[in-house]
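Protein chains in written order, with the numbering used here: chain Z, 1 to 203; chain U, 1001 to 1284.
Be careful, since some hints might not be right.
[To be verified] Examples of chain Z residues toward chain U, derived with CB under 8 Å: (1) Trp13; (2) Val38; (3) Val64; (4) Arg68; (5) Arg69; (6) Ile74; (7) Phe80; (8) Leu81; (9) Leu150; (10) Ala161; (11) Phe163; (12) Leu179.
[What the hints assert, rightly or not] The following label-pair restraints were derived from C-beta to C-beta distances: (13) Z:Pro178 <-> U:Asp1278: 50 to 60 Å; (14) Z:Arg65 <-> U:Asp1128: 32 to 42 Å; (15) U:Arg1225 <-> Z:Asn90: 38 to 48 Å; (16) U:Ile1260 <-> Z:His20: 50 to 60 Å.
Just so you know, the hints here were simulated from the structure itself, not pulled from any lab data.
Small disclaimer: the values here were computed from a predicted structure and weren't measured.
The C-beta atom is built at its ideal place from N, Cα and C for all residues, glycine as well.
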Amino acid sequence: MPLAAGAAARTEWTDEALMHAIAARDEIAFGVLYDRYVDLVYSASLRVLGDPQLAEDATQDIFVRLWRRPESFIPDRGRFLSWLMSVVRNRAVDELRARGRRQRREATVTTSEGEDDQVSLIPSGEGDDPILAAQLHEEQVLVRKALAELPAEQRMALELAYFGGLTQQQIAVALHEPLGTVKTRIRLGMLKLRRSLGGQVRD
Amino acid sequence: MTPEHISHEQADEFAIGAMAPDVRTYVAFHIDSCASCAEIVRESEEAAAALLLAVPRRQPPGRLRENVLRSAGIRKAGPIGRIVQVATASAGVAAVIVAIASFTGMVSVRDQMNGLREENGRLQTQIDDALSQKVEILALTREVQEQEQLTNDLKTASRGDRDLILALSSPNASVAEVITVDPNQVAIGRLVWDAEQKKVWFIAAHLPQRPNGETYQIWVNSGGRYVSLGTFNTDVSGFARYETFVPQGLASYESAVVTIEHANGALERSGPSVFVSDLSRLRR
């Protein structure tokens, strides 16, 4: 099957099917999954890290690890997108904790020279799926609305924990608030978020 | 915590990443063997993951795709690709020379050519295998280096966290409130001074990230003379934690102020103020 046709066929596959194929070393499936989620992974990394270069590094690292260790995703434990976001968050928060101290990596063997004479094994852009993109956009709008409905102090507690990588104790110290107050805000925030999203997020 | 099962509240704390590390380890261990608790945590993780889905979409640089494929070992790197081409061409030339020699020696050209083709094929396979191994070794080496760097960074960050926690729990530490200059601004912050460590921390949340070309700069003031303590920026969530040594202490300063200055900071305070803090009201 020609590469482009192979990629086109795979754009209709579910995330889980693509991961199954990736585990069988299907390079085209990897390309399709990359194209499907690279914007989201990069944007989420940028949201946590606030630095385009660090976000790019994190995105690269996440996808390379996904290719090398696809078995990390266990379908029985939840949907792929949630797992991916969890990986992104953990990777970015690890980076965030080292932020300001980490030196930029030197140019790697992968970016040195001779890019224009290489033959691509995977057709670029063939992973775009307008139906999936529309679903993701719809989900994004839904989540934004749910977040906007949260009281500011609850949203801040959630964001400091999730995007800032702070524990409840650290948040309490940083905000000069009692630990119990922070715990309550996180509990209520998550409760409202779950209720707002309940059953409406794409399965 | 219940010794046997995990509550929804604990699942939320786990999913949002707000749990203390030791408790987190316990929960992670527990859900590995408890399907019902794993399901509760999974639901919480779905909700937490939604926070990232709400992030505005940005497109990464176009070069990223190429870098990812190469780092994953899917696409051969430039110099290595060229080695393959050169090796193939060299083998082909060698085959022609040997074939001519065979002809002049009245040896069967066809047999020789077939033998050489097979030899070329074997050599090519060996070259491909060697190059694949080389790419894999380079990738593994790079991964090890990254892990070492990450470990060092985490150690450094951990030390920074420890210093701040020590400061906050120290009887020598004091905290000052900072007040936003713009009443419509929702930013909040605290200034922490540890006389023992001679360090000051400035922590802020909901502070807008400065665009390229601008930075926040923190100053202390004594008799109208402003001394810079350094520059910082927030992350996209509006959170900032800045720390610096102040060997001379804060006792001689009356106030602190955070201003917006051009990138790299200003020699003299000139930009608009964001925060002010009355250092005479540092309290333990």
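Let me make sure I understand: some of the numbered hints might not hold for this structure. Which ones are they, in numerical order? Violated: hints 1, 5, 6, 7, 9, 12, 13 and 14.
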